[in-house]
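Participant: Please arrange chain V on chain R, whose structure you already have, making use of the hints.
Number of protein chains: 2
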Amino acid sequence: MEIQIAVAKVNKYAVSESGDTLEVVERPNGGLSVVLADGQTSGRGAKAISMMVVRKVISLLAEGVRDGAAARAASDALFTEKGGKVSSTLNIASLDMLTKSIVLTRNNPAPILVAHEANVKALEGESMPIGTQRNSRPLIDELPIESGLTVVFYSDGLVHAGDRRGTPMNARSLLSELLQGREESAQLIADTLLDKAVKLDDGRPVDDCSVVVLKVLPLIGDNVRRLNVRLPINLG
Amino acid sequence: MEIQIAVAKVNKYAVSESGDTLEVVERPNGGLSVVLADGQTSGRGAKAISMMVVRKVISLLAEGVRDGAAARAASDALFTEKGGKVSSTLNIASLDMLTKSIVLTRNNPAPILVAHEANVKALEGESMPIGTQRNSRPLIDELPIESGLTVVFYSDGLVHAGDRRGTPMNARSLLSELLQGREESAQLIADTLLDKAVKLDDGRPVDDCSVVVLKVLPLIGDNVRRLNVRLPINLG
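Going down the list, the sequences are from chains R and V. Positions 35 to 270 (this note's numbering) are the ones given, in order, by the first sequence. Positions 35 to 270 (this note's numbering) are the ones given, in order, by the second sequence.
Here chain R stands alone, though its shape is the one from the complex:
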């Protein structure tokens, strides 16, 4: 089989630093984890928070700590560091080769969409951001790795896209459309969702916006592992 992970990310309009931090790291027993955090507010302060959270999580995952424990630890660390006054959302999506499953851990009110072929559902349960309470608990879902599975999650920039002009984003129906018929790549799905969100904000995103798409498909082609990053920069 083949796993595709794609991320598309824009900053809030006219803000140079994104409050969202995202890293993809190898797990000690094979597999990968994608970690996304969105710190409260935007700009430099939010970036410092989300980086701190993501760093904490990836350093624990690297030691073999389970995802849920890593999320709890990140929450406690943020609570201690900021006295419970600053929150951050956190999503961890792991391809766990030991359990042969995809583990989805979240402290984020934004939904996680899971599709088997074109049948899209939002995972059940409500979860809260980390950092503001002592006994923060992530919601954890475990899905078997199987061909045809697509998982999508995002930061709240996507949730609230279009709110300003009263034309809210419907990520679920757009994803369902994209999964009908043609086999679209994870990157195309991420790009299309983000593009829609930016358009609903009239091209000027109201908040930092990150979309992550994870897709399982039959192995087509070679055995090469690939990673590709595209980063627009402004040296001005």
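By construction, these hints were calculated from the structure, which means they are not laboratory data. Source: prediction; values computed, not measured. Backbone N, C-alpha and C define an ideal beta-carbon position, used for all residues, glycine too. Careful, some of the hints might be misleading.
[To be verified] Sample of chain V residues facing chain R (criterion: CB under 7 Å; computed from the structure):
no., residue
1, Met35
2, Gln38
3, Ile39
4, Ala40
5, Val41
6, Arg89
7, Leu132
8, Thr133
9, Lys134
10, Val137
11, Val263
12, Arg264
13, Pro266
[Said to hold, decoys possible] List time: in silico EDC-like cross-link candidates among lysine to aspartate or glutamate, alpha-carbon distance up to 20 Å:
no., chain 1, residue 1, chain 2, residue 2
14, R, Lys116, V, Glu97
15, R, Lys233, R, Asp197
16, R, Lys155, R, Glu218
17, R, Lys134, R, Asp175
18, R, Lys155, R, Asp175
19, V, Lys134, V, Asp190
20, R, Lys230, V, Asp256
21, V, Lys134, R, Glu51
22, V, Lys230, R, Asp256
23, R, Lys155, R, Asp110
24, V, Lys233, R, Glu180
25, R, Lys233, R, Asp190
26, V, Lys134, V, Asp175
27, V, Lys155, V, Glu217
28, V, Lys134, V, Glu36
29, R, Lys230, R, Asp197
30, V, Lys155, V, Asp190
31, V, Lys155, V, Glu211
32, V, Lys116, R, Glu97
33, R, Lys134, V, Asp256
34, R, Lys134, R, Glu180
35, V, Lys155, V, Glu115
36, R, Lys233, V, Glu176
37, R, Lys134, R, Glu176
[To be verified] Per label pair, the in silico range of CB-to-CB distance:
no., chain 1, residue 1, chain 2, residue 2, range
38, R, Gly182, V, Glu211, 39 to 47 Å
39, V, Gly237, R, Arg198, 53 to 61 Å
40, R, Ala152, V, Glu158, 36 to 44 Å
Facilitator: Below, chain V without anything else, positioned relative to chain R:
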């Protein structure tokens, strides 16, 4: 401008775990670092070494430690942990937004190729792997970020590809060919170099093989940051 970073990676033939570890991480002041380590021998033992080295480096970079100091620290840590008996190569390529430069740090006898348009050179100086001596020193080169720049580095699987049958790999001339005329993506360059190496090993790589390509080009298209991972898996 736009930065493209592409990685293509295969394992040694019939070995499920690669001794090469590669991570791409955000730097605290913006920009990215790519960290590649290749642990001595192959398989599980080599993986543990290269993971340890890469983890050490990325955790220091996350704290704002300079690349050269992070490489020295990783060397000392490996030396201490393994009593000087185990070596690892290490490459760090950073897009440093503070100095507006690309910083190339290496403890690796394998060359780093740097091209301005189609004019390919290997960086000068010899560097040794880390872990076997107390006073390990990385070689550091700093290049201004400018359009038309391509940087390529790789693990020794690529250096020694084809040695078995006496038809050695010439990465420099292949890169030079690829850069003539058409504007190829970083991913296409990485894929082509790796593909050539695998073919020279008759489709059965003699060693783990990782190729990293970093390219600076004029900004074409949108302001979206993208990350894409493709991972072939075998659930056996």
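Participant: Confirm or reject each hint.
Facilitator: Hint-by-hint comparison with the structure:
1. Met35: Since the shortest Cβ distance to chain R is 5 Å, the answer is holds.
2. Gln38: Where the cut-off is 7 Å and the nearest Cβ of chain R is about 6 Å from Gln38/V, the hint holds.
3. Ile39: holds (4 Å)
4. Ala40: Cβ of Ala40/V sits 5 Å from chain R, so the hint holds.
5. Val41: holds (4 Å)
6. Arg89: holds (5 Å)
7. Leu132: violated (11 Å)
8. Thr133: Hint violated; Thr133/V Cβ to chain R Cβ min 11 Å, cut 7 Å.
9. Lys134: Holds, about 5 Å.
10. Val137: Hint on Val137/V: violated, closest Cβ of chain R at ~15 Å, above 7 Å.
11. Val263: OK, holds: Val263/V within 7 Å of chain R, min 4 Å.
12. Arg264: Interface hint status for Arg264/V: holds (4 Å vs cutoff 7 Å).
13. Pro266: holds (5 Å)
14. Lys116/R <-> Glu97/V: Holds. Lys116/R to Glu97/V sits at ~18 Å (cutoff 20 Å).
15. Lys233/R <-> Asp197/R: OK: Lys233/R and Asp197/R at ~12 Å, within 20 Å.
16. Lys155/R <-> Glu218/R: holds (18 Å)
17. Lys134/R <-> Asp175/R: holds (13 Å)
18. Lys155/R <-> Asp175/R: holds (13 Å)
19. Lys134/V <-> Asp190/V: violated (30 Å)
20. Lys230/R <-> Asp256/V: Answer holds: Lys230/R to Asp256/V is near 13 Å, not above 20 Å.
21. Lys134/V <-> Glu51/R: holds (16 Å)
22. Lys230/V <-> Asp256/R: Within the cut-off at roughly 13 Å; holds.
23. Lys155/R <-> Asp110/R: violated (31 Å)
24. Lys233/V <-> Glu180/R: violated (31 Å)
25. Lys233/R <-> Asp190/R: holds (16 Å)
26. Lys134/V <-> Asp175/V: holds (13 Å)
27. Lys155/V <-> Glu217/V: Roughly 18 Å between the alpha carbons, so the hint for Lys155/V and Glu217/V holds.
28. Lys134/V <-> Glu36/V: holds (13 Å)
29. Lys230/R <-> Asp197/R: Satisfied, since the Cα-Cα distance of roughly 13 Å is no more than 20 Å.
30. Lys155/V <-> Asp190/V: With a Cα-Cα distance of about 18 Å, the restraint between Lys155/V and Asp190/V holds, given a limit of 20 Å.
31. Lys155/V <-> Glu211/V: holds (13 Å)
32. Lys116/V <-> Glu97/R: Given that 20 Å is the threshold and the Cα spacing comes to 18 Å, the pair holds.
33. Lys134/R <-> Asp256/V: violated (37 Å)
34. Lys134/R <-> Glu180/R: holds (10 Å)
35. Lys155/V <-> Glu115/V: violated (36 Å)
36. Lys233/R <-> Glu176/V: Not satisfied, since the Cα-Cα distance of roughly 39 Å exceeds 20 Å.
37. Lys134/R <-> Glu176/R: holds (10 Å)
38. Gly182/R <-> Glu211/V: 39 to 47 Å: Holds: the Cβ-Cβ distance is about 40 Å, inside 39 to 47 Å.
39. Gly237/V <-> Arg198/R: 53 to 61 Å: Given about 55 Å between the Cβ atoms, the range holds.
40. Ala152/R <-> Glu158/V: 36 to 44 Å: Given range 36 to 44 Å: violated, Cβ gap about 56 Å.
Against the hints set out earlier in the document, violations occur for numbers 7, 8, 10, 19, 23, 24, 33, 35, 36, 40.
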